[in-house]
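A.B. asks: Sequence:
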Amino acid sequence: MGSTPVRVAMIGFDHWYTALPLARAFAEHPEIEVVGIADADRNRAMDVLARTGLNAPIATEKELLEDPRVQAIAAFGSCEKNPAVCVTAAENGKHIVSIKPMARTLDEATQILTAVRRAGVRFLPGESRPRASAFAQQVRRWLDEGRFGRILTANFQTLSGLPRAWPDADDPGWWVDPERAPGGGWIDHSIYHIDLLRWLTGARVTKVFGVSGNLRHSLGVEDYGHATIEFDSGLVATVEDTWTAPAGGSRQTTTLQGSDGALYHDTLTGKLAITDPDYGGWVQVAAPPSHPSSVDDVIATVRGEGEPLASVEDAWENLAICEAFYRSCAVGKPVEPARLPA
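Under the working numbering, read the sequence shown as residues 1 to 342, first letter to last.
Calculated directly from the structure, the hints in this document are not laboratory data. From the three backbone atoms N, C-alpha and C, an ideal C-beta is built for every residue, glycine too. Be aware that a few hints might be false.
[Stated by the list, open to error] Only pairs whose alpha carbons sit at most 25 Å apart, straight line, appear in this in silico DMTMM-like list of lysine to aspartate or glutamate: (1) Lys271 - Asp260; (2) Lys207 - Glu230; (3) Lys271 - Glu145; (4) Lys62 - Glu91; (5) Lys62 - Glu33; (6) Lys207 - Glu240; (7) Lys62 - Glu80; (8) Lys333 - Glu230.
[Stated by the list, open to error] Computed Cβ-Cβ distance ranges for the label pairs, DEER-style: (9) Ser233 - Lys271: 50 to 56 Å; (10) Arg51 - Glu336: 41 to 47 Å; (11) Ser218 - Glu313: 34 to 40 Å; (12) Lys271 - Pro21: 21 to 27 Å.
From just these sequences and the hints, can you work out the full model?
C.D. replies: Written out as C-alpha cells, the structure reads:
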C-alpha cells in the first residue's frame with residue numbers, strides 16, 4: 001500500500017458506462033484522491049457527484065490539465081474530444097486512463113501516441129482494463145499452463161441494444177454520431193474482444209475481413225458487424241457485435257478452440273465451460289467476473305508498479321484493427337491493418 005494517495009482528475013463523462021463505475025470506485029478507494037472533475041455540461045458534472053458519492057470540486061478542463069497536484073487524468077469524453085485532452089495531459093506530465101477507442105481516426109491516435117512517447121507518461125486504454133479481471137487472468141493462466149494447446153480459432157459475439165447518452169436518457173446521443181465516434185455497434189464491444197485476444201495469445205493481426213450494416217436501426221453508423229480476423233500464429237477469430245438485441249436480450253459468448261482443449265463462456269447462463277482431459281469432455285464451473293473488480297490497475301499504472309497492464313501502443317493497434325474492419329467493409333475484401341509507427 002502506498003504512503004500517499006494517487007491524485008487523479010476526471011475529464012468528460014460521455015462514456016458514462018465506464019466513467020461512472022470508475023468514479024464510484026475512486027470515491028471508495030483509500031489510496032485515490034480525486035482532485036476534481038470536469039465536463040462540458042456542468043449540470044451533468046453535478047449529477048456525477050450525486051450518483052457516485054465523489055467528494056470533489058467541479059473545475060474546468062484547463063484547470064485540471066494544468067493543476068500540478070494531478071498525477072493522472074481519467075479521460076472519458078467522446079472520441080473526438082479525446083486527442084486534445086490526452087495530448088495536453090501528456091505534455092503536462094500526467095498519466096492517462098483513456099476512453100475506448102482512443103480516437104476517431106488513426107491520425108488522431110498517432111497524435112496521442114507521439115505525445116505519450118515523447119513525455120514518457122503511462123497510458124492505460126479503457127478497452128484493456130478487462131485484462132485485470134478474474135476471468136481474463138484465469139484464462140491467461142490456463143493458456144500459460146498449456147491446457148488448451150495452440151489456439152486455433154476464437155469466437156466472440158455480443159448482442160446488445162442501443163446505448164444511451166446518459167443513464168436516464170431515451171436517446172443514444174453521441175454514440176451514433178459519425179462525427180464523434182469512429183463506428184457503431186461493432187466497434188463498441190469488438191475492441192474489447194480484439195484487445196483480449198491479442199493479450200491472451202501474443203499474436204499479431206495480419207488480415208481483417210468485415211461485413212457491416214443496419215439491420216434494425218436507421219443510423220449514421222452500423223448497428224451490426226461481423227469480422228473474420230487472421231493472426232500471424234495461424235489463429236482465425238470471428239467477432240460479431242451488434243446493437244440489434246431486443247430490450248432485456250443482451251448476451252455475450254466467448255469460445256476458444258485449441259489443439260488440446262477448448263473454453264466456452266456465456267453470460268446468459270453465467271457458466272464457464274472447459275474441456276477436461278481427465279473427465280474426457282466438458283465441465284462447467286462458475287465464471288469469474290469479466291470486469292475488473294478494483295482500480296488497483298489504475299493505481300499501479302500511475303505509480304509505475306510492476307509490468308504495465310497495457311500501453312498506448314496497444315490502444316493504437318486495437319484501433320488500427322478496427323479501422324481495417326471498416327476499410328474492409330467499404331471495399332468488400334480482406335485488408336491488412338496499418339502498422340504501428342516506429
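A.B. asks: A separate judgement is required for each hint: does it hold in the structure or not?
C.D. replies: Status of each hint after checking the structure:
1. Lys271 - Asp260: With a Cα-Cα distance of about 21 Å, the restraint between lysine 271 and aspartate 260 holds, given a limit of 25 Å.
2. Lys207 - Glu230: 5 Å, holds
3. Lys271 - Glu145: At roughly 21 Å apart (the allowed maximum being 25 Å), glutamate 145 and lysine 271 satisfy the hint.
4. Lys62 - Glu91: With a Cα-Cα distance of about 13 Å, the restraint between lysine 62 and glutamate 91 holds, given a limit of 25 Å.
5. Lys62 - Glu33: 19 Å, holds
6. Lys207 - Glu240: 16 Å, holds
7. Lys62 - Glu80: 17 Å, holds
8. Lys333 - Glu230: It holds: about 13 Å lies between the C-alpha atoms, which stays within 25 Å.
9. Ser233 - Lys271: 50 to 56 Å: Given about 28 Å between the Cβ atoms, the range is violated.
10. Arg51 - Glu336: 41 to 47 Å: 43 Å, holds
11. Ser218 - Glu313: 34 to 40 Å: 37 Å, holds
12. Lys271 - Pro21: 21 to 27 Å: 24 Å, holds
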